[in-house]
Amino acid sequence: MIGLHDLSRHYGDLRAVDDVSLMIEAGSITSIVGTSGSGKSTLLRLVNRLIEPTSGHVTIDGKDVHGVPAPELRRRIGYVIQDHGLFPHWTVARNIATVPELLGWPKARIRDRVSELLTLLSLDPATIGPRFPHQLSGGQMQRVGVARALAAKPELLLMDEPFGALDPLLRGKAQDDLLAIQQTLGTTIILVTHDMAEAIRLSDKIAVMRAGKVEQYARPSEILSRPASDFVQDLVGEGERAFRYLSLIPLSQLVEPGEASGTPLSRNATAAEALNAMIWQNMEVLPLEDGGRVTRAALLRAGHP
Amino acid sequence: MRYPDRLGSVLAVPLTAAFLLPFAGLKPNRIASAQAEWLHDMVGWPFAVAIAIIAAAPLLKGKARLPLSAFALATWMVVMGYGASGLLEGAAEYARVSPGAGFWLGLVSLALLLTDTLARANPRPLARVGCLLAAFLIGIMTLRLWGDVSIMQEYVARKSAFWAEARRHVGLATGSFAAAVAIGIPMGVLVQRVAKLRAPVMNTLTAIQTIPSIALFGLLILPLGWIGANVPGARNMGIGGIGMAPAFVALFLYALLPIVTNTVAGLHGIPASVAEAARGMGLNPRQRLLRVDIPLALPVILTGARIVLVQNVGLATVGALIGAGGFGTFVFQGLGQTASDLVLLGALPTVALAFAAQVIFDAIIDCLPGRRT
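Those sequence lines, one after another, are chains U and G. One point on numbering: in the numbering used here, the residue at position 115 of the first sequence is 115, and numbering is uninterrupted. One point on numbering: in the numbering used here, the residue at position 102 of the second sequence is 1102, and numbering is uninterrupted.
Incorrect hints may have been included.
Selected chain G positions facing chain U (Cβ under 8 Å, derived; list incomplete) [stated by the list, open to error]:
no., residue
1, I1031
2, S1033
3, Q1035
4, E1276
5, A1277
6, R1279
7, G1280
8, M1281
9, V1292
10, I1294
11, P1295
12, L1296
Over the 10 Å line for every Cβ pair with chain G, so calculated as not near, a few chain U residues [to be verified]:
no., residue
13, L158
14, S225
15, T270
16, A298
To be clear, the hints were calculated from the coordinates, so they are not data collected in a lab. The beta carbon of each residue, even a glycine, is placed where N, CA and C say it ideally should be.
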């Protein structure tokens, strides 16, 4: 459990973060969403003390993070930033080994961990490990940045616009990878983004920030169905609201027994993907790959909370 | 048919002039004025034409330019040596042969051609140092044939003094360089971190840079003389108003500005995301400085260091004026005696030393890890 307790950070008269309290479940993904200047990055950087709070405090598992020196704290918390910040004079392997080296792990253990992480992020340790960052593609650099943050098995991973520099195709892939990795490792993740669609897709809970304050802190379905303010509603985007809501519903919840013709859908697909397929194929009913069917009527009902 | 390229066409002009100007000068003694001697007078027309062909061959564009220009350069040196011996045959006892304007013009043109061709080939750092060594070896070999050329006669007459001054010159230039690097880099780091210090430190260093070297020596005579006279042990360490100490201090002061400026610029050039990541990963301030900031700023710092080293090799010459020794000794002795060959005995090794320092330093910079290729 990560606790932010009455956190404030003021710069003169500017209240970048203004009395924010949040409790974040261990093992969950939480997104902090907001427009530029809403204080979302500042809030994230208060957690690993890259910025010290004007008042309030942060706890991890009940322990105040101010009890240890900041560099020591940061070695226990993974940190991923938009421009990845890889050290250009070190090889990929050495970059990933940064924190284990600081913690004084034995060499053999570091080597094993580096190749384990590269493999986890579908990068070949033998070819990518010895390269320098400038020899990588943007997508590869981003993955190395994630690998470096995960190197010392942190319980908490902070990500500041981690996919902001990627094109839409790579971004979708990176989001899938992050979900898969999170499921494997069970790491608690706090992610800052300005992209509500990304937040809805990835998060267990979303905190919407505006002018240093949290406007709403809730599950994605609730943010969509009951936005706490006009600002949250604007961020959600009224035009795509129903589809976004459907994208949260797994198809398995809407299956009914029976047969149907047409291209079968995967059970892992979302309701939004199923509806899209039906509209495009002009079908009222579609079968599922492993039996059962879904009707358009059921999908339309599900799209209205 | 191959034609000269742009570089070849440009260098054809001074190279042609080299044949039209006197190749050497014959003097009745070492300070008298010279009587001009042309190449064809010294070696005869057939040889002169052959030499012209050898010198013109590398002007043509092509793969053979590198060996051809090296060969032409070596030939040029050898011809001077033999030509001088020929001129001295039957001349008066104290007669001297100095290289003439034509010789120097040809030497510089061919050397430019050679270094430009080498630079275009973009050899690896070690290969460059290898080329430098090879050039020095070939140079020394051809100089063995220069026994009758006035500069070498000046050298032979002062052989032990020459090497003693060489050691002092190198010691003065590299010692003050090392001190400037050792003090300048920490100073640069400090100035970059503490914004308040930046303007006063930079302005002071810039002001020092504007003081002419001789004036700076003069300014240092008083304080260093006082230290030498009053601080116990200082005089035994060689500290005094004149000699090595003021020259060392002056070179050190001149060297500080480029080192400090480049350290600051190098640290400024570190991408914000890299600095942020280093902090976010949990590197403490010392680790950030030593593992990330300095290594990343190093190419820029070393560029400044290179300027300083070359500058120091040149400036150390002036140190001879206040008794610091070095190649400048010969330059100022030669000026005093109006013996131009003696001036060259001081000046030419200085140029060679500065050039060598530059090549070696560039090679070191290129060897740093993570450099873009």
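Given a cut of 8 Å on the nearest C-beta pair, is the interface hint for G/P1295 held or broken against chain U? Since chain U brings a Cβ to about 5 Å from G/P1295, closer than 8 Å, the hint holds.
May I ask you to test the interface hint for G/A1277 with respect to chain U, counting a Cβ-Cβ separation under 8 Å as satisfied? holds (3 Å)
Holds or violated: G/I1294 as interface residue toward chain U, Cβ cutoff 8 Å? violated (10 Å)
Assertion that U/T270 lies outside the chain G interface [Cβ separation over 10 Å]: holds (34 Å)
Minimum Cβ distance from G/E1276 to chain U below 8 Å? Holds - the Cβ of G/E1276 comes within 8 Å of chain U, reaching about 6 Å at its closest.
Cut-off 8 Å, beta-carbon criterion: hint that G/L1296 touches chain U: holds (6 Å)
Should the interface hint for G/M1281 be scored as holding, given a Cβ-Cβ cut-off of 8 Å against chain U? holds (5 Å)
Would the least Cβ to Cβ distance between U/L158 and chain G come out above 10 Å? violated (8 Å)
Assertion that U/A298 lies outside the chain G interface [Cβ separation over 10 Å]: holds (47 Å)
Does the closest beta carbon of chain U sit nearer than 8 Å to the beta carbon of G/I1031? G/I1031 check fails; min Cβ-Cβ to chain U is 57 Å, beyond 8 Å.
Agreement of hint G/R1279 with chain U interface, Cβ distance less than 8 Å: holds (6 Å)
Verify the interface restraint on G/S1033: the C-beta must sit less than 8 Å from at least one C-beta of chain U. Where the cut-off is 8 Å and the nearest Cβ of chain U is about 59 Å from G/S1033, the hint is violated.
Hints 1, 2, 3, 10 and 13 from the list above are not met by this structure, while the remaining hints are.
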